[in-house]
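Enquirer: Chains A and B, in that order, are what the protein sequence lines are.
Going by our numbering, the first sequence opens with residue 4, and the numbers climb by one from there.
Going by our numbering, the second sequence opens with residue 17, and the numbers climb by one from there.
If you are wondering where the hints come from, they were derived from the structure by calculation, not from laboratory data.
None of the values given here were measured: they were computed from a predicted structure.
Cβ atoms here follow ideal geometry from the backbone N, Cα and C, with glycine treated the same way.
Worth double-checking, as some hints may not be accurate.
What the hints assert, rightly or not - In silico EDC-like links for lysine to aspartate or glutamate, alpha-carbon gap of 20 Å or less:
1. B/Lys235 with B/Asp273
2. B/Lys243 with A/Asp9
3. A/Lys126 with A/Asp9
4. B/Lys243 with B/Glu264
5. A/Lys126 with B/Glu236
6. B/Lys34 with A/Asp9
What the hints assert, rightly or not - Coverage of chain B stretches by chain A, computed from C-beta distances (three or more under 8 Å per stretch; other residues unrestricted):
7. 81-93
8. 185-197
9. 206-217
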Amino acid sequence: MSGQDDRTRLAATPGIDFAHLTLRDALDLAVLIEAEAQERYEELAQQMATHDSPAPAAFFRAMAVNEAKHGAQLAERRRALFADAPRTVTRAMLWDVEAPDYDEARAFMSAHEAMRVALRAEKKAHVFFSTALPEIGDPGVEHLFTELCAEEVVHQDLVKAELAKLPPEREAGDDDFADEPNAQ
Amino acid sequence: MDATRNGHDAREYKSDLKPIWCPGCGDFGVLTALTRALANVGRPPHEIALVSGIGCSSRIPGYTTAYGFNSVHGRALPIAQGIKLANPDLLVIAAGGDGDGFSIGGGHLPHVVRRNVDLTYIVMDNQVYGLTKGQLSPTAALGTHTVTSPEGSLEAPVNPLLYVLAYGARFVAQGTPADMAGLSAILEEAIRFPGFAFVNVQSPCVTFGAPEQQLKAHKEGLKQLAKIDYDPTHRMKAMALAQTYGRELWTGVFYRDPSPPPTYDALVRERQRALAADALPRERILELFAQHDGEPGRAEA
Numbered sequence: 004m005s006g007q008d009d010r011t012r013l014a015a016t017p018g019i020d021f022a023h024l025t026l027r028d029a030l031d032l033a034v035l036i037e038a039e040a041q042e043r044y045e046e047l048a049q050q051m052a053t054h055d056s057p058a059p060a061a062f063f064r065a066m067a068v069n070e071a072k073h074g075a076q077l078a079e080r081r082r083a084l085f086a087d088a089p090r091t092v093t094r095a096m097l098w099d100v101e102a103p104d105y106d107e108a109r110a111f112m113s114a115h116e117a118m119r120v121a122l123r124a125e126k127k128a129h130v131f132f133s134t135a136l137p138e139i140g141d142p143g144v145e146h147l148f149t150e151l152c153a154e155e156v157v158h159q160d161l162v163k164a165e166l167a168k169l170p171p172e173r174e175a176g177d178d179d180f181a182d183e184p185n186a187q
Numbered sequence: 017m018d019a020t021r022n023g024h025d026a027r028e029y030k031s032d033l034k035p036i037w038c039p040g041c042g043d044f045g046v047l048t049a050l051t052r053a054l055a056n057v058g059r060p061p062h063e064i065a066l067v068s069g070i071g072c073s074s075r076i077p078g079y080t081t082a083y084g085f086n087s088v089h090g091r092a093l094p095i096a097q098g099i100k101l102a103n104p105d106l107l108v109i110a111a112g113g114d115g116d117g118f119s120i121g122g123g124h125l126p127h128v129v130r131r132n133v134d135l136t137y138i139v140m141d142n143q144v145y146g147l148t149k150g151q152l153s154p155t156a157a158l159g160t161h162t163v164t165s166p167e168g169s170l171e172a173p174v175n176p177l178l179y180v181l182a183y184g185a186r187f188v189a190q191g192t193p194a195d196m197a198g199l200s201a202i203l204e205e206a207i208r209f210p211g212f213a214f215v216n217v218q219s220p221c222v223t224f225g226a227p228e229q230q231l232k233a234h235k236e237g238l239k240q241l242a243k244i245d246y247d248p249t250h251r252m253k254a255m256a257l258a259q260t261y262g263r264e265l266w267t268g269v270f271y272r273d274p275s276p277p278p279t280y281d282a283l284v285r286e287r288q289r290a291l292a293a294d295a296l297p298r299e300r301i302l303e304l305f306a307q308h309d310g311e312p313g314r315a316e317a
C-alpha cells in the first residue's frame, strides 16, 4: 500500500481534521480505534467458535484482549492529562482503522490465516497513522502518532513471532473437500 | 461512552444473539452499518420495528434490539406496511434478500412503492439463494453457473434499481459493505426520508458467490456518486444510471424526490380524522353488536 492508496486510509476517519486535532481528541481517537478493533476481534472469535474453529477463535480472542489492554493504557493517559474533560470524537467518526475487515474471515480458517489477518490489520493501522502524520499541526499529537506508528510495528513483530511458533501449514487434502456444499 | 453525535451508541442496537452467517459474509457489514445508522438517527430500539422474510439476510432482525419479525418468505413488505399503519409512530424497516424481495415477494414491491408507506426497504442482494445452498436468484447474471444452472443461466436478471425507479419509488440508493461508512450514511438518509425508501445493498455471498462479486472486488471497483457531480433529483437520469447495474458498482443515492408527497400512512391518519366526526362511539358499536342476533341487516344504527 503506498501513495494514492495510503491517502485513502484517512477516509477511515471521516470528520477528523488532522491539522487541528488536539492532543485530547487524538487520545480519544486512539482509544476508540482500539475499542473498535477489540470489538471486531471479539466478533471474529465468535464467528470462529460458531464454525468449530477453536484455534483461530482463541487467537482472535487473544487479540481482543491485547486491544483492550492498549485501549485501557491510552484511556489512563487521557485521564491523567485531561481528567473528565468532554469528548468530541465519537465512534461515528471512524471505520475499521485497526479492526480487521469483515471479509478477512473465512469459515474453517487456520490459525496461520487468522494471524495473517491480524498482521494485515496492524499494517493497515500503521499506514493510517503514518499517512496522518504529515497532516498534523499539534506537536503533542505528532509525538503521539509517531509513538502509535512505532507501536504498530512492534505489534506486527509480535504477531510474526507467534506465526513463526506455529508448525508448518498443512496443505489441503481430499478430506478437506469432502463436505463441499451441494444443492438440497 | 462511545456514543454517536446524538448520544446513542451503535452497540445499543446489536442484540446478544450472535450471527451465524458464514465468516466473511457481507451481511456482517450491513448489520454494523445499519446499527450505526440507527444510532445516528437516534430513535431508541423500542421505537423501531425490523421486519424480514426468509433467507440468510432475513435473520437480521434477531441480531438487533429493535422489535423484530422474521416472517414468511417474501412477505416482509406486507407485514411491514401493516405494522406502520397500525402504529405509525414506529420507525419501520423491512429487510431481506434479492430472492425474497424480487422473486417470492416480487408482487408486493410495486404496491408498497405506489402506496408510498413511510418505511425503508433494505435488500441484501447477493445474486444467489445462499441459505438453500446456491441456486439461481432473480438478480443472478445471465450465464451464471450455479448448482441449478450448471451450464450457465439462460435467464436475464432483474435490475432492482430500475425496477423500483420505474414503479415510481421516491428514494432509491445502492451501497456495499465494502464501504461501510458510505453504506451507513446511505441507510441513515433512507431511514430519514419521509416515504418509501429503497436501498439495494450489494452484499456478497462468501460461500456461493462468484469471486468477482466479493467485497475485495467491490473495494477495487466501486464508484461513489458522492465523488462526482451527480444530482439525485432527476428520475430519468437515475434510470439511466441504474442501467449500469450488473456491470458497474455505483454507490450512493440514485434518486431522491425533492418534494416528497404525503405518505400513505399520513393520508390514512388524515382520512381517519376526517371521518371521526361521523363515526359511532365505541360503546354504540358494542351495543349494536349485542343487539345483532346473527341475521344480516337486523341491527339498526
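Enquirer: Does lysine 126 of chain A pair with aspartate 9 of chain A here, judged by a C-alpha cut-off of 20 Å?
Expert: holds, 11 Å
Enquirer: For a C-alpha distance cap of 20 Å, please report whether lysine 243 of chain B and glutamate 264 of chain B respect it.
Expert: With Cα atoms ~15 Å apart, lysine 243 of chain B and glutamate 264 of chain B stay inside 20 Å; holds.
Enquirer: Given the hinted pair lysine 235 of chain B and aspartate 273 of chain B, is their Cα-Cα distance within 20 Å?
Expert: Given pair lysine 235 of chain B, aspartate 273 of chain B is violated - Cα atoms ~29 Å apart, limit 20 Å.
Enquirer: Has the given pair, lysine 126 of chain A with glutamate 236 of chain B, been kept, meaning a C-alpha gap of at most 20 Å?
Expert: This hinted pair holds, its Cα atoms lying about 19 Å apart.
Enquirer: With a C-beta cutoff of 8 Å, work out whether three or more residues of the segment 185-197 of chain B approach chain A closely enough for the coverage to hold.
Expert: holds (count 4)
Enquirer: Between the segment 206-217 of chain B and chain A, are there enough contacts, at least three residues with CB-CB distance under 8 Å, for the coverage claim to hold?
Expert: violated (count 0)
Enquirer: At a Cβ distance under 8 Å, does chain A reach at least three residues of the segment 81-93 of chain B?
Expert: This one is violated; 0 residues, fewer than the three required, reach chain A with a Cβ under 8 Å.
Enquirer: Going straight from one Cα to the other, do lysine 243 of chain B and aspartate 9 of chain A come out at no more than 20 Å?
Expert: Holds, at roughly 18 Å.
Enquirer: Just to be careful, I want the Cα atoms of lysine 34 of chain B and aspartate 9 of chain A compared with a cutoff of 20 Å; is the pair within it?
Expert: violated, 34 Å
Hints 1, 6, 7, 9, counting from the list given before, are not met by this structure.
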